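Visitor: Chain by chain, the residues run as shown.
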Amino acid sequence: QKEVEQNSGPLSVPEGAIASLNCTYSDRGSQSFFWYRQYSGKSPELIMSIYSNGDKEDGRFTAQLNKASQYVSLLIRDSQPSDSATYLCAVNPNSGGSNYKLTFGKGTLLTVNP
Amino acid sequence: DGGITQSPKYLFRKEGQNVTLSCEQNLNHDAMYWYRQDPGQGLRLIYYSQIVNDFQKGDIAEGYSVSREKKESFPLTVTSAQKNPTAFYLCASRRQGGGYGYTFGSGTRLTVV
Chain A
8 QKEVEQNSGP LSVPEGAIAS LNCTYSDRGS QSFFWYRQYS GKSPELIMSI YSNGDKEDGR
68 FTAQLNKASQ YVSLLIRDSQ PSDSATYLCA VNPNSGGSNY KLTFGKGTLL TVNP
Chain B
123 DGGITQSPKY LFRKEGQNVT LSCEQNLNHD AMYWYRQDPG QGLRLIYYSQ IVNDFQKGDI
183 AEGYSVSREK KESFPLTVTS AQKNPTAFYL CASRRQGGGY GYTFGSGTRL TVV
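Residue numbers (the working numbering), protein chains in the order written: chain A, 8 to 121; chain B, 123 to 235.
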């Protein structure tokens, strides 16, 4: 069973701080990694994707991938109250014919305090 | 604009009743998925389909059925055999190939009354 693990939180940060969200995965052959943001009562929204080791930046968001450590993270700089949401990590496994389905973590609840 | 439309947004089911949740996409995506989300739990895969007229069971398929007669449509029926159907149901679609994420619909909240 391919697994994706996230700290459920809640993670609480003050406004303007950096929020760091972490995710580990068990399938070493995984190739594609995604971060989704889900506001309460709403559906998940794709905010970042990353495929290669290193950092990928998009505005205030930075995704970091370390395949050797099987670790992917999301940094949110200058956190705003509007960033308060659950963040889901998703991984595309690459073995056993299962690469048609993403495997999701259970999500980390982030609260940004004004 | 392209996207995925789920309807209805809210649905109430009586005991012993079958209900069908609609999912339509105009993104020209080949693969479509149904997930269930319960409070405090992650997304659990019910069914998925990679091509028309073909679909596979996910992790919690019991009590559910689907069809994929058109590329654009992937309706989910919650049957009376599903004993605890109250949940938030999410439909998603994806381009074929391993490098793409899902696009989600806005969800249907099903409640048993």
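Calculated from the structure, these hints are not laboratory results.
Here the structure is a predicted model, which is why all the values come from computation and not from measurement.
C-beta atoms are modelled at their ideal positions from N, C-alpha and C, and glycine is treated no differently.
Wrong hints could be hidden among the right ones.
Residues from chain A that keep clear of chain B, each with C-beta distances beyond 10 Å, as calculated [said to hold, decoys possible]: (1) Gln38; (2) Ser39; (3) Gly61; (4) Lys74; (5) Ala75.
Below, a list of computed lysine to aspartate or glutamate pairs in the DMTMM-like style, where the Cα atoms sit at most 25 Å apart [to be verified]: (6) B:Lys193 / A:Asp90; (7) A:Lys49 / B:Asp176; (8) A:Lys49 / A:Asp34; (9) A:Lys9 / B:Glu146; (10) B:Lys136 / B:Asp152; (11) A:Lys9 / B:Asp160; (12) A:Lys49 / A:Asp90; (13) A:Lys9 / B:Glu194; (14) A:Lys49 / B:Asp181; (15) B:Lys179 / A:Glu10; (16) A:Lys113 / B:Asp181; (17) A:Lys49 / B:Glu194; (18) A:Lys9 / B:Glu184; (19) A:Lys49 / B:Glu146; (20) A:Lys113 / B:Asp176; (21) B:Lys131 / A:Glu52; (22) B:Lys136 / B:Glu184; (23) B:Lys179 / A:Glu12; (24) A:Lys74 / A:Glu10; (25) A:Lys113 / B:Asp160.
Per the computed footprint, the stretches of chain A lying under chain B, defined by three or more beta-carbons under 8 Å from a beta-carbon of chain B, are [as the list claims (entries may be wrong)]: (26) 49-59; (27) 81-95.
Visitor: For every hint, state whether the structure bears it out.
Guide: A quick look at each hint next to the structure:
1. Gln38: At about 6 Å from chain B, Gln38 of chain A fails to clear the 10 Å cut-off, so the statement is violated.
2. Ser39: violated (5 Å)
3. Gly61: Its Cβ never comes within 10 Å of chain B, the nearest being 16 Å, so this holds.
4. Lys74: Non-interface label on Lys74 of chain A holds, nearest chain B Cβ at 15 Å vs cutoff 10 Å.
5. Ala75: holds (20 Å)
6. B:Lys193 / A:Asp90: violated (35 Å)
7. A:Lys49 / B:Asp176: violated (29 Å)
8. A:Lys49 / A:Asp34: Answer violated: Lys49 of chain A to Asp34 of chain A is near 29 Å, above 25 Å.
9. A:Lys9 / B:Glu146: violated (29 Å)
10. B:Lys136 / B:Asp152: violated (34 Å)
11. A:Lys9 / B:Asp160: holds (21 Å)
12. A:Lys49 / A:Asp90: This hinted pair holds, its Cα atoms lying about 14 Å apart.
13. A:Lys9 / B:Glu194: Status violated; Cα separation ~29 Å.
14. A:Lys49 / B:Asp181: Holds, at about 23 Å.
15. B:Lys179 / A:Glu10: Since the Cα atoms of Lys179 of chain B and Glu10 of chain A sit roughly 19 Å apart, the hinted pair holds (cutoff 25 Å).
16. A:Lys113 / B:Asp181: holds (15 Å)
17. A:Lys49 / B:Glu194: holds (22 Å)
18. A:Lys9 / B:Glu184: holds (21 Å)
19. A:Lys49 / B:Glu146: holds (18 Å)
20. A:Lys113 / B:Asp176: Roughly 28 Å between the alpha carbons, so the hint for Lys113 of chain A and Asp176 of chain B is violated.
21. B:Lys131 / A:Glu52: It holds: about 17 Å lies between the C-alpha atoms, which stays within 25 Å.
22. B:Lys136 / B:Glu184: holds (19 Å)
23. B:Lys179 / A:Glu12: Answer holds: Lys179 of chain B to Glu12 of chain A is near 23 Å, not above 25 Å.
24. A:Lys74 / A:Glu10: holds (15 Å)
25. A:Lys113 / B:Asp160: holds (11 Å)
26. 49-59: holds (count 7)
27. 81-95: Answer violated; 1 residues pass the 8 Å Cβ test.
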